[in-house]
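Student: What follows is the residue order along each chain.
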Amino acid sequence: MQAKQLPITSNDTSGSMTGAAVALSDSVSGKKIASTAKYWRSVDELQQTPEFEQFLHREFPQAASEFPEGVSRRRWLKLMSASLALGGASGCRYGPVEFASMVVRPPNTVPGVPKHYATNFELAGRAVHLLVSNVDGRPIKIEGNPEHPLMKASEPNDLSGGKERFASAGTDVFSQGCILGLYDPDRTARVTRVVDGQVEEATWDDFSAFARDHLANLKESQGESLAILMSPTLSPSVSRLVADTVKLLPKATVASYSSVDNSAQLAACEKAAGQPAELLFDLNQAKAICCLDSDLLGNDPNMVVYSRQFSKGRTPALGKMSRLYAVESRFSITGAAADSRLAVRSSQIGAFIARLEQRVDELLAGGSPVIAAGEEAAFDRITPAEQLERTVEAMAEDLTKHKGEGLVSVGSHQPLDVQLAALRLNQKLGNIGKGVQLRPSRSAIEGVTPVSLSDLTDALVKGSVDTLWILGDNPVYTAPGDLKLGEAISQVKTSIYLAEFEDETAAVCTWRVPLAHQLESWGDVLGADGSYGICQPQILPLLNGKSQCEVLSLLQGQAESGEAIVKATADKISGKPLLARVWQESLHNGFLADFFVSPLTGDVQVEGAKPAGTLNLESFENGSLEVLVTISDTLFDGRFAKNVWMQELPQAMTKLVWDNAALISPATASILKLKQGEMVRLVRGEQSIELPVFIMPGQALGSITAHLGYGRVCRDEAVDSDEQVVVGRDIAPLRTFENLSVITDIEARGTSIPFKLATTQDHFAIDELGLEETADRAGMLIREGTVEQLDEGGADYVEHLGLHHPPLESLWEEPINTFEGDPTIPYQWGMTIDLNKCTGCNSCVVACQSENNIPVVGKEQVSRGREMHWIRVDRYFRGEMETPQIVNQPVACVHCETAPCEQVCPVAATVHTEEGINAMAYNRCVGTRYCANNCPYKVRRFNYFNYGTEYGYFYGWQQKGKIEEASRKLQQLVLNPDVTVRGRGVMEKCTYCIQRVQNGKITARNSGRPVQDGEIQSACQTACPTQAIVFGDLKDPGSRVSKLQKDLRAYAMLSELNIKPRTLYLTRVRNTHPRLKLSQQLAEAHHAEAGGAHAEHSGEHADNAHASDTSAGVVGHAGETKTGETKKEVAH
Amino acid sequence: MLGMFALAGGAYAGAVFLGATDPLTLNSGYQPTQPVPFSHKIHAGELKMDCRYCHVNVQKGAHATVPPTATCINCHSPIGPDGAPKLSAVHPASEKLRAVHESWESGESVPWVRIHKLPDFVFFNHSAHVNRGVSCVSCHGRIDTMDKVYQAKELSMAWCIDCHRNPEPHIRPVELVTKLDWEPAEGDGTREEIGAKLREELGIHPQTNCAVCHR
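First to last, the protein sequences are chains V and W. Going by the working numbering, the letters in the first sequence line up with residues 8 to 1139, in that order. Going by the working numbering, the letters in the second sequence line up with residues 20 to 234, in that order.
It is worth saying that the hints were derived from the structure and are not from the lab. The model shown is predicted, which means the values in this text are computed figures rather than measured ones. Certain hints may be false.
[Stated by the list, open to error] Listing some non-contacts, in silico: residues in chain W with all C-beta distances to chain V over 10 Å: (1) P56; (2) D69; (3) Y72; (4) V109; (5) K167; (6) G208; (7) V231.
[Unchecked claim] Just some of the chain W residues that point at chain V, by a computed CB distance under 8 Å: (8) H74; (9) N76; (10) A89; (11) S122; (12) P130; (13) R133; (14) K136; (15) L137; (16) F140; (17) S146; (18) A171; (19) K172; (20) H224; (21) A230.
For each residue, glycine too, the CB sits at the ideal point set by N, CA and C.
I would like the entire structure built from these sequences, with the hints used as guidance.
Tutor: Pasting the structure below:
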């Protein structure tokens, strides 16, 4: 039977944490925590609150068909009568439709056939290397550029066996989302200036005329009164133009401010290398990876590359299995991916690394590692002090065992001494130059030493600056509260702002000029490996904007075109004028060939004092709490606040949408008497902010996490409303220039003011009733084991993790069996999702939204469980409240061969194709919702309203409100012309990107060949930075998906229902150090060892009881044995 | 008695509704007036121009594509300032060509009216059909005999599926797809026989599931 959880009895439940958790449950709901809880999705679920039960019993809670708030009965009547009238007036045939044929069609264009152009730009401090699909001159979808050298070197799923295959590169969520920003009518579209306190409209000509006089004045004083405020830039063209400006005006001041604080890390690198430098990790060969408050797979600017490299080292079938440690205060994406995790306050990371360094020193000096004396208690059954002890010991042991094959990374917000300690550790372990590289700084500007934002503000207040150029990025919003930057800027005589939006900074500047979107402008960027990539415009500026380069050139009196500027930079970079052919090739490929930057070699200076401080994981005092301020997974530092895809994207770990919150661990909340869904006031000295409380298991005790980027206006709310909606709360008042990220000495005061947060975590719960049942069933949904289990379990491994059931047979011949054997049907589509590679980064969710025209419904609708995302990332906690592990599981329609939804549709609107895709015919659907009720995976989504036209946030171009209709039509341009826009009353769900499948088949057929493996990739697959998702043809035994479906980790979710899903999952495998294993891991290992006796004690099952589990969904290869032998090359 | 009237009335209303919404009634025969009285009969029929001279992308993409103005100008170039047409002079001063010449000079599109239109939730791909030997005539009728083009077939789902279930009569050698008046030569067999042979050779297996057209 199901691997039964050892009951946790009171005598082995020790430690204050569990007590705290129980106390919390008493205070919240009065219910007892079921002790058998193995997997749980949220605190609500673990405690079975009424809110959760509502979601469980009723798929769409409470009055699912009610109109949203804000739509009155009167309006409903109006709508209805209007649609009746329209129905009568328009008759039965559509009206005349005009073609807008071109006058001269550009060469090599076939209308309706997408073209892909390479581009590179800086987005949210990250260098991104992309391919943009362009349909009829309109960019509609973003994908990664697999040809880029950085991506090629980190190809994770190399199962090719030397065969040339179509690759994919993956992106982060911001790249996927930025396409929506291009068509945002809220972007600044006009040049404006303030004259005598009044805003006047101006033109670019006015601005250039102004710039000429302005420059002449500045030249007289050699730019003494000029200051430039910019974010650190990765663009060599912008750097060159700023350097030129300083040459021209040598007394000018340049200030650099990054909303994400990494100044200490850069300072440490500069000290170590003796020149401006930055860090780049190489996870390709790393066996022991230690992340101390560092989110390499999540927030890091290089997360795409790191995720790819990490994923490469997580393929048990190829014998590759690294070990990842995370020690952190908040639950990060890296923490969820980690094999072992310890929650430590950010302010105590210094003390932790000092302790680790000491232990590593001892081991390097010949000390011997501590060996467990006999049977030890599980990691979650010991006190925090013991947990700390064991974690340090295990990390030190692994790091010294894998000298030169490991790395230690600390969060970029950690102070200088911690940064130096990390470098020092890496140097002692011989990791520098291997897994840890120091590289020349990409953002250093020749001849310019930037001053800090604080110095600039002082100068502004003193009045020594007459003219301020602000090169974008809304510093007034992102600056810490104590600087009062807005007030300081408003005192400056002339301030010029390159405005993406009419935002907080634009409001205090005297000139606002519209900044072009990256997809509209010429530019360039240096990749993490120093490669040079050009940004080519995909479309002419839609809203009259100019790029940073062009405006800088204007301000220097040059007025050069963007292309000329970038070309000049490219010439300079390559040291000689580029041939036209080379230039064209660079544009085409997305990088300048044969141009590399090597890592810095030479001595590394890492001397420094050991970080001081105490480590206390067991208690805290109110008043000495810490707040970790971090960028939002979705809005970054607020620059995507107007992007409704990002607003509605569930945040990676909390699954919160449309809000930020104070993330607090259950024990901390219990001690502070804070409750989920109530406001808390966080006070530091005279400053305070209020945030809603969100209980997040796994937060460090005494540490609160708050996300940047909120408290800003998003869009006008609902139908017929002129109201502007402020989403979330700004945390700038709490931040100071000295403490941008880790703010200590905080006091938390509960307010008992209720606040409704919208989270998607309990929506579409698959489980039946009761937590005990959940605990049993969750194991069927997500299967997880350890490397040892995989080694020992062999071919039976995956069955031991799942539910055992008698052999499943259908009573009648399934039609799909006939199709599978039919030679005239060339393909059978299928998918695998590798839970071991998935980090839960959310790229797939936005990619799917972009590809499939999925509407945005808003907070109010999300809280009713009506979000429309076709793919969701389920986040399961496992274990105890204070030491949970997280498993992420992306779930979309799994295309069951015997699909339950098809059997209940009264109008046959959802039926199977011969190729195994569960197709959805929208025009046939009458909206009974029977299919959604009968779907065991809960992946079907219903259009309660015309989200595409009259209701909804982005595509609602017919809705009344603040934005003019013409502007609303601009928003429509983001829609994919290959996918139907669904109307009200229609069910929808994942189609395996049927449009890509059909177009791929037609293209292959037209050129007289079969579809090749990887030629057709679903949108989620191309976006996935770890290649966890693989789609392809199951009929081809050589395809990647076929091989993966035969991996011994492959299993079908809910296989016992005999619905034969076409999407199989590969189990999560944790490579946890033996001494750090949680009780579940130990219990399961114990169960696996007893596997031999297993068949006997469940005697009612035949020996082949496991057979149907994994063969479900594998077509045409029944009887073939599983491949994927595990070799021992694992970091033990 | 009253009941019978009501019944008869209902039946009549039903018949009118069904008749009026039948695709044959609704769609076929639609013949809008175009901004330029372009005659397919002259160009494709009498002058024997290949369909693909104008509809260049029919084998490459989903859309056959309406030609750009430049294609018309290849032959019907307007009279320039020097009094002579720039390229070739076929009716350079014809009043009927005014919309084309205006478009050429102003850079604005000729506002052609669309005749064959499928609903937005239907995705038809020309290249998938034409490259398999399905002729233009199967869906568009004898365009080469039409002075003013009208919709000849109903373009309904049932009509599409008829052919997907029984494609043989509509398959001919690929090189002959634009020869609208093609008839099998004596001794080659019937259309069905030729179609069946080609179907076998090319491996044509049209599908009839929803996702073939609805995405």
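Student: Answer holds if the nearest beta-carbon of chain V is closer than 8 Å to that of W:N76; otherwise answer violated.
Tutor: Cβ of W:N76 sits 5 Å from chain V, so the hint holds.
Student: Have a go at the W:P130 hint: is there a Cβ in chain V nearer than 8 Å to its own Cβ?
Tutor: With a minimum Cβ separation of about 5 Å from chain V (threshold 8 Å), the hint on W:P130 holds.
Student: Per the CB criterion, is W:K136 less than 8 Å away from chain V?
Tutor: Interface hint status for W:K136: holds (6 Å vs cutoff 8 Å).
Student: Does W:L137 hold up as a contact with chain V if the rule is Cβ-Cβ below 8 Å?
Tutor: Given a least distance of 10 Å, the restraint on W:L137 is violated.
Student: Should the hint that W:A171 touches chain V count as held when the rule is a Cβ pair under 8 Å?
Tutor: violated (16 Å)
Student: Are all beta-carbon distances from W:Y72 to chain V longer than 10 Å?
Tutor: At about 14 Å from chain V, W:Y72 clears the 10 Å cut-off, so the statement holds.
Student: Does the closest beta carbon of chain V sit nearer than 8 Å to the beta carbon of W:A89?
Tutor: holds (5 Å)
Student: Just double-check W:D69 for me: nearest Cβ-Cβ distance to chain V has to come out over 10 Å.
Tutor: Fine: 18 Å to the nearest Cβ keeps W:D69 off the interface.
Student: Does W:R133 hold up as a contact with chain V if the rule is Cβ-Cβ below 8 Å?
Tutor: Status holds, d = 4 Å.
Student: Taking the least C-beta to C-beta distance, is W:H74 closer than 8 Å to chain V?
Tutor: Nearest chain V Cβ about 11 Å off; hint violated.
Student: Can we confirm that no CB of chain V comes within 10 Å of the CB of W:G208?
Tutor: holds (23 Å)
Student: If I take the minimum Cβ distance from W:K167 to any residue of chain V, is it greater than 10 Å?
Tutor: Correct as stated: the minimum Cβ-Cβ distance to chain V is 15 Å, above 10 Å.
Hints 7, 8, 15, 18 and 19 from the earlier list are contradicted by this structure; the remaining hints agree with it.
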